[in-house]
Amino acid sequence: MTNSPAIEVLDLQRSFGDTKAVQGVSFEVRQGEIFSLLGPNGAGKTTTISMLSCLLRPDGGDAQVMGHSIREDPMGVKSVLGFVPQEIALYEDLTARENLTFWGKMYGLRGGALKARVEEVLDVIGLRDRAKERVGKYSGGMKRRVNIGVALLHKPQIIYMDEPTVGIDPQSRRNIVDSVVTLKDQGMTVLYTTHYMEEAQELSDQIGIMDHGKMIASGTHDQLVKLVGGQTRIDLTLNMEAGAVLEDWRAVEGVTQVSAEDGLVTVLVDDSNAVLPRLFDVTNRLAARITSVDILEPNLEAVFLHLTGRALRD
Amino acid sequence: MKALDIALKDMTRSFRSFFAIVFMFVVPLLVTGMFYFMFGNMANDGGFNLPKTQVIIANLDQGGPKFQVNPKNIPGGRDADTMGELIVNILESDEIAELIEVSFAPDAGAARAAVDTQVSQVAIIIPPDFSEQFADQDGEAVIEFYQDPTLTIGPGIIRSIMNRFMDGMAGVKIAVNVFQDEADSSDYAMTGLVVQGYLDTSLALREDPEEDLLDVRAPSSAPQSEEQESQNLLLSIISPIMGGMMIFYAFFTGASTAQSILKEEEERTLPRLFTTPTSQTTILSGKLLAVFLTVLVQVIVLILAARLIFGIQWGDFLSVALVAVGIVFSASSFGVFVNSFLKNTKQGGVLFGGVLTVTGMLGMISIFAIGSPAASQMGDTVSLLVPQGWAVRGLMQSMSGEPVSDLLVTTLVLLVWSAAFFTIGVWRFNRRYA
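Order-wise, the sequence lines are chains A and B. When the count follows my numbering, it moves up by one through the first sequence with no breaks and lands on 314 for the last residue. When the count follows my numbering, it moves up by one through the second sequence with no breaks and lands on 748 for the last residue.
With the rest of the complex left out, here is chain A (with noise of 0.2 Å):
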């Protein structure tokens, strides 16, 4: 990793019609480090690694990939940047080896050099023996490799993963995490768009927070968890609606946020060992009774809690 910026990003913005997807977005990711999106669905994730892929042009604000801007210099952007997106944009009427030398040639590769890097790329993604197959004829796992493999093919410097794990088993799950490991051990800058809390924390040098199309946090994991105090996470079933036990949870001692969603009470703490035994207090004078009790230590999730008053899910 070095401290010369693979990307900066200063005040994009893009709408449709009246909805505002992208809203003064910055951030800065330095070369060779994992940079992570992290967001509900329609946060603008989507959105703005669009505008950074050149795929769309923002109404507002500039980037700068590797020197190129995103306004100015399209094709110098494309040409050092991988985009995995986030559905298989795959020929699944071609075989994997089509596949992939008919996007080579897309990224400029001709001849022996092209031919030698879909082998190369072919033992990455573990698809040598099937090569030969029509991709439509692939697991979901495997299609999700070949369209990792896509990306890897002219050796960028940077990668840009749209959602890669949305839909797939965990075992794929595990081996895409993996590869993006390794894509940053091999030194290449990696932009990770997710929903996924523990994929962010797991990966990430820096993280990015979106909601409703601004960034409203971003830092190393330890910086972020920061924000909310070092605050632990409870959560909490009852017997009952939460709704009538909400108030008097939030009265407690020592307690400093209540949500509720589908059932599940997400209550933040500074002290769970003090603060429990009042809430179990509570819960029976109103003559309910907890069912079960979920105690996280300081995460993601609860730095979007925090900052957001709402849980980090669908």
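Don't read these hints as lab results, they were simulated from the structure. Check before you lean on any hint, since a few could be wrong.
[What the hints assert, rightly or not] Lysine-lysine pairs mimicking BS3-like chemistry, simulated, CA-CA at most 30 Å apart:
1) A:184 x A:214
2) A:184 x A:155
3) B:577 x A:20
4) A:143 x A:132
5) A:184 x A:143
6) A:155 x A:115
7) A:184 x A:226
8) B:657 x A:143
9) B:316 x B:657
10) B:366 x A:137
11) B:577 x A:143
12) A:143 x B:660
13) B:316 x A:155
14) A:132 x A:155
15) B:660 x B:316
16) A:137 x B:316
17) A:214 x A:226
18) A:115 x B:316
19) B:316 x A:143
20) A:132 x B:657
21) B:577 x B:366
22) B:657 x B:577
23) B:366 x A:143
24) B:577 x A:137
25) A:20 x B:316
26) A:143 x A:115
27) A:132 x A:115
28) A:155 x B:577
29) A:155 x A:137
30) A:115 x A:226
31) A:115 x B:577
32) A:214 x A:20
33) A:155 x A:143
34) B:660 x B:577
35) A:184 x B:577
36) A:137 x A:115
[As the list claims (entries may be wrong)] Example chain A residues on the side facing chain B (calculated, C-beta under 8 Å, incomplete):
37) 78
38) 108
39) 223
Cβ atoms here follow ideal geometry from the backbone N, Cα and C, with glycine treated the same way.
Following the hints, position chain B against chain A.
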């Protein structure tokens, strides 16, 4: 180079599609093949020969002015001393012997009775004063045509022959009248000479009565065997059908291949292409090149396959090449044009079911109307409202050996259509992805 890569990728995808192969090559050849076997079997079995119409003639004509028609101008080369004999000779001539079988009745009653008892289908009764009335300035020469009312085709043919003969004779009658205005009405000898002269002229112009009924074309002037004639007749039927099928499905191919732009947008591969260092112009050029090359391959394969399988004579190389260029450009640009108005591939059903089918059918009206001269003329006009009609016109011109200059005009019109479609289509797609 990248445009060609995109085009080759698209073509690979197209030609791997079973559905596309069937519609591009199999269906046009299959439809033509069905017609080929249907009409081919009929030709081989003598299916084109209608059953002979039984005609009974009561020739009661007692003659009028003496005249002698030149035998070489009478079908069968026989003498005719009266108008009645002339009609009999025509109906007994070898040229229409395959269509009718003639027998004779001694009087009108016997002739009508033969029709009433269904021994014959048509009775032609020539009255005793037929020649006399014909030569008389104020006379009215009338033949009685008595037919079985339940039959249409056979009697229709005989009626047609008689009408054409009588039309010719009407001209002679006018000449006789004019002559008699100037000469002595009793000068039968002179009247005969005039009648003879006009008959010679009139009959010489219609040596083959059958030719007026059947429009049989043959590419070679060399004498042909019955089998060759049958084959030529078969080709005259299936060649336009094959040409029409080729054009109809070439336009379908143009539209479905151009639809790959929308399909790639939905499959998200088009946005991904836009993230590579490849310009939008190159990407769209590649897509359009794919449409053009796919239709080109289809047209070439169909032309060659139809030549080899059915023996279709498309015309000389230059003519066929000109028409093929026109078809390929118009079909591919039309596909781009129509697709540029679609939001997604789901709307393609409307495109294929509606626009392409309707314009395709309009374009082929002239082919379907070949058997009916009046409808054919109207069909020719209507079909030129759509590019498919011009393509059909070009193919017909090439197949009938019309001069290249005529074909150039048709090809030029097709290219103008193409330029308009292409410009609008590309403009709309560029705007869409800008």
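For the pair we were handed, residue 577 (chain B) and residue 20 (chain A), check the Cα-Cα distance against 30 Å. Roughly 28 Å between the alpha carbons, so the hint for residue 577 (chain B) and residue 20 (chain A) holds.
30 Å Cα cutoff - pair residue 316 (chain B), residue 143 (chain A): Judged against 30 Å, a Cα distance of about 24 Å means the pair holds.
Starting from residue 155 (chain A), check that the Cα of residue 577 (chain B) is at most 30 Å away, please. Distance of about 29 Å is within 30 Å: holds.
Need the status of pair residue 184 (chain A), residue 143 (chain A): alpha-carbon distance at most 30 Å? holds (22 Å)
Is the straight-line distance between the alpha-carbon of residue 132 (chain A) and that of residue 115 (chain A) 30 Å or less? holds (14 Å)
Measure nothing beyond the straight line between the CA atoms of residue 184 (chain A) and residue 214 (chain A); if it is 30 Å or shorter, mark the hint as holding. Holds, because 27 Å separates the two Cα atoms, which is no more than 30 Å.
Does the alpha-carbon distance linking residue 132 (chain A) and residue 657 (chain B) stay inside the 30 Å limit? Since the Cα atoms of residue 132 (chain A) and residue 657 (chain B) sit roughly 34 Å apart, the hinted pair is violated (cutoff 30 Å).
Should the interface hint for residue 108 (chain A) be scored as holding, given a Cβ-Cβ cut-off of 8 Å against chain B? holds (6 Å)
Against the 30 Å threshold, does the CA-CA distance of residue 316 (chain B) and residue 155 (chain A) hold or violate the hint? holds (19 Å)
Hey, residue 115 (chain A) versus residue 226 (chain A), does the alpha-carbon distance stay inside 30 Å? Not satisfied, since the Cα-Cα distance of roughly 49 Å exceeds 30 Å.
Checking one constraint from the list: CA of residue 660 (chain B) to CA of residue 577 (chain B), max 30 Å. Satisfied? Answer holds: residue 660 (chain B) to residue 577 (chain B) is near 10 Å, not above 30 Å.
Under the criterion that the straight-line Cα-Cα distance not exceed 30 Å, is the pair residue 660 (chain B), residue 316 (chain B) satisfied? holds (29 Å)
Violated hints for the displayed structure, listed by number in ascending order: 10, 20, 21, 23, 25, 30, 35, 39.
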